[in-house]
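**Student:** What follows is each chain in one-letter form.
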Amino acid sequence: SLMMPSKAISCRTFVLSTWWNKNTSPDATEKIDLDGWKQVMRSGLQEDAHKGALETEEDNKRSLETKEDSKRALETEEDSHVAATRELIEMWRLLGKNVPENISEEQLKNLMECPTNSSKKKYLHFLAVKECVKKAEKIKQEKKREAKKERMENAKENGDYELPNTFLMKFWTKSEDNVYNWRAAQSMIFGQPLVFDMDYDACMTYTELKNAVKQLQESEGVNRRATDPFHLHYCSLKEDSPFHKELIKHYGEAWDKLFVTVTEKSHVEIFPRDQLVYLTADSPNVMKTFDHNKIYIIGSLVDKSIQKGVSLGRAKRLGLATARLPLDLYLQWELGSKNLTLNQMLCILLTIKDTGNWAEALQFVPKRKHAGFVDTMSHEINTRRKAKMYERL
Amino acid sequence: NGYYSPLPFNLFAAGASKKRSASAEVLKDAEYSVTSGRETLCPPEKPLTVEEWKKLMDEFADYYKFEEAMLMQMVTHKSHIDVAKSLLAAVANRDGNIPYNLLVMYLSFCVSQNEIEEIYDVYDIMKARFKTLETTAYGLLIKGLSGTERWREGLKLLEEIKKVITPSKANYGDCIRGAIVNQEINLASQLFREMLANNVMPDLSTIQTLFDTGRTMKDDHMKTELIHILFYLRDYQVYPGEALMQSIKQWFESIPGENWKGSLTTMKKSGRCPSCNQFLESINLSPGEYSTLKEKIIKDVIQGPDIFRKTTPQELEEFQAFVNQQPPYDIVVDGLNVANFNNRSNRSQTLRDVVTYLAQQKPRILVLGRKHMLNGTQQWKRNNMAAIQKIADFFFTEDISEDDPFLLYATLHSGNHCRFVTGDLLRDHKACLSDSHTQRLFFKWQRGHQMVLSRYRPEKIIKFEPVLEYDTIVQTTGNTWHIPYDDNFLERASYEVPIRWLCLQQK
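Protein chains in written order, with the numbering used here: chain A, 1 to 393; chain B, 1 to 507.
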């Protein structure tokens with residue numbers, strides 16, 4: 001009795017068509033209470049309304065108390081703004097927008113300092129994702145703990161609780177750390193220097209700075225674990241600069257025990273100029289081989305807005321030699337910028353120092369950025385094409 | 001296809017970029033012609049009973065947000081309101097409650113169909129249930145209430161939004177429409193000014209509403225307000241669309257006793273309007289604007305935050321000394337850009353041909369290049385380079401430096417008569433300028449001074465696109481108005497200007 005609607009033809013799923021063929025009699029509409037839900041919504045209210053009335057009375061009392069204190073009155077105005085923001089976020093959450101469930105006072109302050117609506121939304125999204133990751137981690141840990149508990153109990157039941165007879169005590173990470181620290185200490189005397197130029201506070205936003213510190217932390221860790229570590233220098237790191245503060249915040253007490261040379265001096269003051277090579281993706285010179293007598297400099301800059309030639313500019317100002325990695329010679333580049341992260345740079349440099357093999361060193365370039373290594377045939381063509389491109393620029 | 005043959009054609013004319021990419025577009029279309037395989041829900045034609053909905057929901061139990069998706073489909077399929085109501089009834093029956101997100105979806109359904117009574121009901125329920133709402137619901141309510149007798153409540157909601165964030169242009173637009181429908185013109189113009197003060201760009205449709213109202217009210221206050229809006233369009237280089245243009249035309253023609261006559265036209269190359277024979281404003285900058293621009297170019301584009309990023313102080317100094325020694329140039333040529341115009345011909349030959357051609361009319365030419373051009377390679381033959389150096393001056397920057405900033409500096413330094421030759425749109429340099437006012441100045445100067453090679457065949461054809469003499473901007477002489485507008489069918493890129501005009505004259 002029901003017609004097939006013309007609109008439906010364009011749709012691919014037809015799950016509903018079974019419904020049209022079945023039991024909808026023409027007078028079904030009359031049976032349905034279309035506005036009943038409004039009654040439901042309102043009636044639910046009357047129960048709440050009683051509680052609400054009590055609460056508002058209390059609120060009134062409270063507000064009277066606050067009014068007595070004139071100084072507080074000013075504060076409440078700001079508080080009301082804070083409260084309004086909190087409520088807005090809560091309502092957004094109800095709507096299903098990606099906003100955090102809990103938001104701290106500090107985060108709320110940061111939020112209100114965001115200059116535009118879109119920056120506010122971005123910050124909220126960031127907080128929501130962070131919260132989500134944290135929650136997932138907590139659940140994972142909980143599961144792990146339970147699994148371990150179960151394992152222990154099983155072991156108890158089965159009775160294999162005896163201590164094994166072994167010629168070695170369990171090798172703890174602490175002793176591992178000892179070995180690494182010895183090596184790092186050795187590198188501080190005999191190792192090849194590698195400089196991180198830290199004079200980029202002014203070029204970065206706070207988020208970028210935080211990322212840079214994280215990458216530095218990672219680099220230092222990778223270096224420490226290497227068979228032949230570099231002697232790392234953090235140059236031009238001014239006392240109490242944002243960079244310094246952030247590093248101390250991240251490392252805590254470990255900062256003073258780090259096997260790294262930290263100095264306020266610039267790299268040109270410490271090392272002879274002709275030995276220095278500034279590594280930057282904007283450089284016109286390609287680094288063909290790794291020179292064990294050179295001192296390479298990496299700019300500690302995370303640059304999400306792609307400011308052109310920042311580190312090249314610095315190298316030019318100081319009259320230093322520059323070089324870029326031979327990415328195009330060895331990789332079929334597909335997408336993404338050729339700036340690599342600090343830890344990727346360090347991994348590449350460590351490998352090339354140990355092996356002298358670019359193919360092995362460039363394994364550390366993220367796979368998503370390239371389609372693979374070039375074979376020698378197309379490599380020739382590629383370099384010739386690239387040479388032409390450069391001429392055209 | 002008549003829309004794509006504007007006269008006179010120019011790099012900055014609306015549709016030029018579209019035309020250039022037309023061939024690429026064809027390929028793209030073919031690639032994406034396969035329709036997406038996303039499944040869609042279809043709303044039922046008639047309201048379902050609670051039991052029927054229940055069965056359906058069970059069937060879709062693992063479907064993400066079934067109710068919300070269904071309501072969204074009802075909006076697009078323009079279902080009958082009873083169908084939507086029956087869904088809410090089923091949800092209420094199941095849960096004894098309707099969640100906020102579903103209420104908002106239902107509200108958007110009601111707003112899209114303009115069901116005023118329902119909007120009132122939902123609003124009252126929301127007000128009772130929740131202490132505050134959020135921006136989506138506020139926006140919908142403002143829109144829904146603006147046409148009704150409860151429009152003033154929309155203003156209250158606008159205040160609520162303002163407590164936390166800046167309202168959107170749609171929020172303001174709806175409130176303004178509400179005020180206008182209810183004859184509160186002062187309130188409307190007050191809101192309009194507030195919106196501009198908050199740096200919210202008004203929608204063209206909001207402006208159109210104001211002009212449409214102006215037609216029905218003969219009021220001097222309203223007239224000054226509308227003229228004020230026209231000057232706003234001028235200052236911010238906003239171009240009306242076809243609909244707004246019609247409203248502006250009709251408003252002018254409706255002013256009693258002033259006898260305005262509007263006609264649609266395209267300008268002559270010289271800048272003379274074919275319908276009233278007046279000349280449009282010249283594209284040349286005033287001396288004040290010119291010196292501001294020159295100063296900013298040096299400060300923001302060449303020096304920037306670190307002069308070493310684009311050049312070196314020595315190089316800049318050397319260049320400035322070089323330019324200062326010479327009498328002003330007539331034409332400055334971006335050597336590399338011009339040489340690369342035609343891939344098949346030899347680069348130095350192209351450059352030589354173009355410079356020789358230019359030298360026939362203008363005596364003083366400066367060619368900018370990079371040092372590698374002098375190395376005498378296959379592409380850069382020494383004899384060609386020597387020949388060019390005989391008829392023009394040369395300045396070579398380091399291979400590592402950028403040459404465009406020098407091009408801009410040399411042209412600006414030589415004075416207003418000097419032009420520059422490059423096919424580059426110079427957008428990255430425009431972006432370096434710190435404020436939008438200077439960016440607009442730069443764009444105006446660029447349109448009036450940039451020569452673009454349009455055709456070249458070795459030893460046969462050399463053609464340049466015409467440089468326009470007039471400025472494309474809303475303008476008046478008192479008894480005429482000239483307003484450029486966007487054609488409905490012509491896609492305009494941000495660095496292009498419209499080619500069609502509304503000419504208004506008082507007879």
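It is worth saying that the hints were derived from the structure and are not from the lab.
Glycine included, every Cβ here is placed at the ideal spot set by N, Cα and C.
A portion of the hints provided could be inaccurate.
Stated by the list, open to error - Listed next, the in silico DMTMM-like pairs over lysine to aspartate or glutamate satisfying Cα-Cα at most 25 angstroms (straight line):
no. : chain 1 : residue 1 : chain 2 : residue 2
1   : A       : Lys38     : B       : Glu253
2   : B       : Lys131    : B       : Glu59
3   : B       : Lys299    : A       : Glu87
Stated by the list, open to error - Label-pair ranges, simulated between beta-carbon atoms:
no. : chain 1 : residue 1 : chain 2 : residue 2 : range
4   : A       : Glu153    : B       : Ile165    : 53 to 63 angstroms
5   : A       : Ala84     : B       : Glu289    : 41 to 51 angstroms
6   : A       : Val286    : B       : Gln389    : 25 to 35 angstroms
7   : B       : Ser434    : A       : Glu176    : 51 to 61 angstroms
8   : B       : Pro305    : A       : Gln107    : 23 to 33 angstroms
**Student:** With 25 to 35 angstroms as the target window, see if A/Val286 and B/Gln389 comply at their CB atoms.
**Tutor:** 32 angstroms, holds
**Student:** Given a hint of 41 to 51 angstroms, does the C-beta separation of A/Ala84 and B/Glu289 actually sit inside it?
**Tutor:** 44 angstroms, holds
**Student:** State, for the Cβ atoms of A/Glu153 and B/Ile165, whether the hinted interval 53 to 63 angstroms holds or is violated.
**Tutor:** Holds: the Cβ-Cβ distance is about 54 angstroms, inside 53 to 63 angstroms.
**Student:** Does the beta carbon distance between B/Pro305 and A/Gln107 stay inside 23 to 33 angstroms, or does it fall outside?
**Tutor:** 31 angstroms, holds
**Student:** Sort out whether B/Glu59 lies within 25 angstroms of B/Lys131, counting only the CA atoms.
**Tutor:** Violated - the C-alpha atoms of B/Glu59 and B/Lys131 are around 35 angstroms apart, more than 25 angstroms.
**Student:** For a C-alpha distance cap of 25 angstroms, please report whether B/Lys299 and A/Glu87 respect it.
**Tutor:** At roughly 46 angstroms apart (the allowed maximum being 25 angstroms), A/Glu87 and B/Lys299 break the hint.
**Student:** Range first: 51 to 61 angstroms. Now tell me if the beta carbons of B/Ser434 and A/Glu176 are that far apart.
**Tutor:** 53 angstroms, holds
**Student:** With the threshold set at 25 angstroms, check whether the alpha-carbon distance from A/Lys38 to B/Glu253 stays at or below it.
**Tutor:** Distance of about 51 angstroms is beyond 25 angstroms: violated.
Consistency with the previously given hints fails for numbers 1, 2 and 3, ordered from lowest to highest.
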